[in-house]
Amino acid sequence: MWKWFHQLASPPYFYRISAVLAPWLAILGLIMIAYGTWQGLFVVPMDYQQGDAFRIIYVHVPSAYLSMMAYMIMATAGAIGLIWRIKLAHAVGAAAAPIGAGFTFLALCTGSIWGKPMWGTWWEWGDPRMMSELILLFLYFGYMALRSSIDDTAKADKASAVLALVGIVNVVIVHFSVEWWSSLHQGQTVFKKGTMDADMRIPLFIMLIGFTLLFGSMLLRRIRTEVLYRERRTRWVREMILSPEGGA
Amino acid sequence: MNVSMQASPGLLTGLGATTKRDLLLAWKRPGDVLNPLFFFAMVCTLFPLAVGPSAEQLEFSGPGVLWVAALLATLLSLNSLFISDFEDGSLDQLLVSPQPLPVLVLGKTLAHWLTSGLPLVFVSPILAITYRMPLSVVGVMMLTLALGTISLSLLGSIGAALTVGLHRGTALLSLLILPLAMPIMILGANAVSLAASNDIYSTGVWALGAYAIASLSLAPYATAAALRISNE
Amino acid sequence: MDGGFAMGGYGAYVWSCYSLTFVIVVFLSWRGRLRQKRVYRDIEVRLKALEDRE
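Residue numbers (my numbering), protein chains in the order written: chain A, 1 to 248; chain B, 249 to 480; chain C, 481 to 534.
Worth flagging that the hints you see were computed from the coordinates, not collected in a lab.
Glycine included, C-beta positions come from ideal geometry on N, C-alpha and C.
Check each hint, because a few of them may be wrong.
Facing chain C, from chain A, some residues (calculated, C-beta under 10 Å) [as the list claims (entries may be wrong)]:
(1) 26
(2) 33
(3) 37
(4) 50
(5) 54
(6) 85
(7) 89
(8) 109
(9) 110
(10) 121
(11) 137
(12) 141
(13) 145
(14) 198
Okay, derived cross-link-like pairs now, DSS-like style, lysine-lysine, Cα gap no bigger than 30 Å in a straight line [unchecked claim]:
(15) 155(A) / 517(C)
(16) 517(C) / 87(A)
(17) 155(A) / 87(A)
(18) 87(A) / 528(C)
(19) 87(A) / 3(A)
(20) 528(C) / 517(C)
Residues from chain B that keep clear of chain A, each with C-beta distances beyond 12 Å, as calculated [what the hints assert, rightly or not]:
(21) 298
(22) 332
(23) 403
(24) 471
Make the full structure from the sequences, and use the hints.
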């Protein structure tokens, strides 16, 4: 098992394996998403409090979940890259960032759109979750901006890894401080989600898993591109590209 | 045999030396210290011009405006934390010094706070009074500013270290520091607001103190790591 | 079967969320694929040029 991990960290091996794995993850994920969407939109009965608007949950929760998972992956990969100096780890961080930012943006938008009919407002400055998600978006932008402004790849890797790690602590702190703040200003609405029936919950799990698989596929593909770019001057890349099958 | 039996300077010497040096440099260039203070005053001036000078509005928004202005002024001053050292090569000297880098970083950050955060604390009452803040609340505000600017200097130094010498580093620095500064501002501004409405504000003050202590123990290491990364 | 097309009046909200999700997923995948193609092509061009020179 460790041998496999060790192999996985080898760029050419990863490049080949991910090409095989990614499509399967995508197909599986899309099937689950399709099923979950159908269930969530048309089959699950209407929530008596929120009406049909609650169906937004089936895309909002997966995107919020992915936005945070992508960040954890990014920060963990950065830590692994810094501590054990595994090149592939840094590629993972670089690849995860744009996907994570995209899902964070999606979570913010779907959350805002959901908020309008439910709580009467597009945006609530006092809601800890909305604020933490917004800060998460800034963290992603900061990470990507830092990476693109440092020319030397190794330096950019390490600097952004430090940033990602500092950011993790920060997201947690922001969440709690906004919670304290909104508890002061009692006038704000508290967005407590009620408990869900089992038949409402199952499609949510299916969507979560489906989106995670799809995310995995997108991530693998982007890491693959990162690896190809970083290793562009190596022999294995040269041999692969010049060989008849190529390696696209 | 213990090689360090030779008289090598202790940690406090290194700390004191870096702090003293930066203070001396700031003394020679008073603009670096005064400009952020003027900026602070200007931001405080802009708000009433923009939203109207009604007394209730001023009293209500005072703590928040002053805190935002203090944050922006600190951001401005953080830009120059490592820049001049980077440009004339002294940063490299710091990096190869036998003293541990976190200690030297702490020295620079301490000097930075003494020349930016602390002056802000003393200038703030003047502006607070223009916002019709009662004197008792002004005291709380100075306390929260003092604690908050300590954290800001420390956390900001991480961002400054990551972006030193980068093209367009200034804008990037602001983007990086904003998330870090948010909790400080939330705690500080709201503690002052609570004090203004005669509520219990101690939670905010304790939290700010805890934040300052945590930053003090952790930020120098992160900054030192960031400096090494930016300058290898 | 609840939740017909109008979604009990919330149609605009629900459908805009789902379509936005679709758009973003497609966008992210498309940009990823674009990057892969560009990186691959750049390397290929450079390697072929090196080969021709030899």
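Status of each hint after checking the structure:
no.	hint	verdict
1	26	9 Å, holds
2	33	9 Å, holds
3	37	7 Å, holds
4	50	9 Å, holds
5	54	9 Å, holds
6	85	24 Å, violated
7	89	19 Å, violated
8	109	6 Å, holds
9	110	5 Å, holds
10	121	13 Å, violated
11	137	13 Å, violated
12	141	16 Å, violated
13	145	17 Å, violated
14	198	16 Å, violated
15	155(A) / 517(C)	26 Å, holds
16	517(C) / 87(A)	22 Å, holds
17	155(A) / 87(A)	12 Å, holds
18	87(A) / 528(C)	27 Å, holds
19	87(A) / 3(A)	17 Å, holds
20	528(C) / 517(C)	16 Å, holds
21	298	19 Å, holds
22	332	20 Å, holds
23	403	8 Å, violated
24	471	10 Å, violated
Comparing the model with each earlier hint shows violations of hints 6, 7, 10, 11, 12, 13, 14, 23, 24; every other hint is respected.
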